[in-house]
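K.L.:
As a plain string of letters, each chain reads:
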Amino acid sequence: GAVVSQHPSRVICKSGTSVKIECRSLDFQATTMFWYRQFPKQSLMLMATSNEGSKATYEQGVEKDKFLINHASLTLSTLTVTSAHPEDSSFYICSATSLDRGYDEQYFGPGTRLTVT
Amino acid sequence: EDQVTQSPEALRLQEGESSSLNCSYTVSGLRGLFWYRQDPGKGPEFLFTLYSAGEEKEKERLKATLTKKESFLHITAPKPEDSATYLCALCSGNTGKLIFGQGTTLQVKP
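Those protein sequences? They're chains S and F, same order as listed.
Note that my numbering has the first sequence beginning at 1, numbered continuously upward.
Note that my numbering has the second sequence beginning at 118, numbered continuously upward.
These are computed hints drawn from the structure, not numbers from a lab.
C-beta: ideal position from N, C-alpha, C; glycine also.
Take the hints with a grain of salt, since some may be wrong.
[What the hints assert, rightly or not] A few chain S residues facing chain F, derived, Cβ under 8 Å:
{"no.": "1", "residue": "C13"}
{"no.": "2", "residue": "L46"}
{"no.": "3", "residue": "T49"}
{"no.": "4", "residue": "L68"}
{"no.": "5", "residue": "I93"}
[Said to hold, decoys possible] Taking beta-carbon pairs under 8 Å as the criterion, some of the chain F residues facing chain S (in silico):
{"no.": "6", "residue": "P125"}
{"no.": "7", "residue": "K159"}
{"no.": "8", "residue": "G160"}
{"no.": "9", "residue": "F163"}
{"no.": "10", "residue": "L164"}
{"no.": "11", "residue": "T166"}
{"no.": "12", "residue": "F189"}
{"no.": "13", "residue": "G210"}
{"no.": "14", "residue": "K214"}
{"no.": "15", "residue": "L215"}
{"no.": "16", "residue": "G218"}
{"no.": "17", "residue": "Q219"}
[Claimed, not checked] Derived coverage of chain S by chain F (criterion: at least 3 residues anywhere in the stretch with Cβ under 8 Å from a Cβ of chain F; other residues may be distant):
{"no.": "18", "region": "34–44"}
{"no.": "19", "region": "105–112"}
Using the sequences plus the hints, can you model the full thing?
P.N.:
Right, dumping it as structure tokens:
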């Protein structure tokens, strides 16, 4: 149990375009999903927290209008990087948790490698 | 300020050579301390959750322990397949968010 998937696993886009990343909890209902960014040889940095049916809460320094997060159902959250630039190239990882499993245990997706050219 | 520091940054072991990874932390209210394993290009894989000082958990060659200031991940007789980056994270009672350390990259040579 506790499987989280992400799609796509890799994406290359041109500067100025937008890209959407999906995060799905496959075998449980995720009341909360988290989005992280990880630069090479660095640890995970939390970008935002999203609860199903409500607006995401963004960490300080993360642009809300650039990183659009939607958590429309208990099994799906999406992150859209709008007007992507090369500095947005990174490894984006989502995690999911639920009240049933104990809020604090987060299960992570396999990550999405974004390259902006 | 809640903070997590892992040491060493990198660790090279021979197969069978036991060792420990350290995670030091400061937190206003600990809801849990987590250990994850991350392979290159993959998301973190959950290993353990520890909630109170004195707690210990084991899984195969790994054992995690917790004190009021630090946690250790003990690796007994490691194998090459244990090579990975091990991440420590704490969940603060104030925010409920995970704060990650920088990780320890372990390489086990046959």
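K.L.:
Hint by hint, say whether it matches the structure.
P.N.:
Each hint tested on the structure:
1. For S/C13, the shortest C-beta to C-beta distance to chain F is roughly 19 Å, which exceeds 8 Å, and the interface hint is violated.
2. This hint holds: S/L46 has a C-beta 6 Å from the nearest C-beta of chain F, less than the 8 Å allowed.
3. Hint status for S/T49: holds, given a least beta-carbon distance of 7 Å to chain F, under 8 Å.
4. Taking 8 Å as the C-beta contact cut-off toward chain F, the hint placing S/L68 at the interface is violated, the least distance being around 20 Å.
5. Because the smallest distance between the Cβ of S/I93 and any Cβ of chain F comes to about 5 Å, under 8 Å, the interface hint for this residue holds.
6. The interface hint given for F/P125 is violated, since its Cβ lies 14 Å from the closest Cβ of chain S, which is over the 8 Å cut-off.
7. The interface hint given for F/K159 holds, since its Cβ lies 6 Å from the closest Cβ of chain S, which is under the 8 Å cut-off.
8. Among the interface hints, the one on F/G160 holds; its C-beta lies about 4 Å from the nearest C-beta in chain S, closer than the 8 Å criterion.
9. The beta carbon of F/F163 is positioned within 8 Å of a beta carbon in chain S (closest approach about 6 Å), and the interface hint is therefore held.
10. Violation of the interface hint for F/L164 is found here, the shortest Cβ-Cβ separation to chain S being roughly 11 Å, above the 8 Å cut-off.
11. At a threshold of 8 Å, the smallest CB-CB gap from F/T166 to chain S is about 6 Å, leaving the interface hint in force.
12. Given hint, F/F189 at the interface with chain S, is violated; its Cβ is 19 Å from that chain's nearest Cβ, farther than 8 Å.
13. Annotation: interface hint on F/G210 violated; nearest CB of chain S at approximately 10 Å, more than 8 Å.
14. Given the 8 Å rule on beta carbons, the hint for F/K214 holds: about 6 Å separates it from the nearest Cβ of chain S.
15. This hint holds: F/L215 has a C-beta 6 Å from the nearest C-beta of chain S, less than the 8 Å allowed.
16. About 6 Å separates the beta-carbon of F/G218 from the nearest beta-carbon of chain S, less than 8 Å, and the hint is met.
17. Of the supplied interface hints, the one on F/Q219 holds, with its beta-carbon coming within about 5 Å of a beta-carbon of chain S, less than 8 Å.
18. For a cut-off of 8 Å, the count of residues in the region 34–44 of chain S with a CB near a CB of chain F stands at 4, and the three-residue condition holds.
19. Check result for the region 105–112 of chain S against chain F: holds, 7 residues qualifying (beta carbon to beta carbon below 8 Å, three or more required).
In summary, the structure is inconsistent with hints 1, 4, 6, 10, 12 and 13 from the numbered list given earlier, while agreeing with the others.
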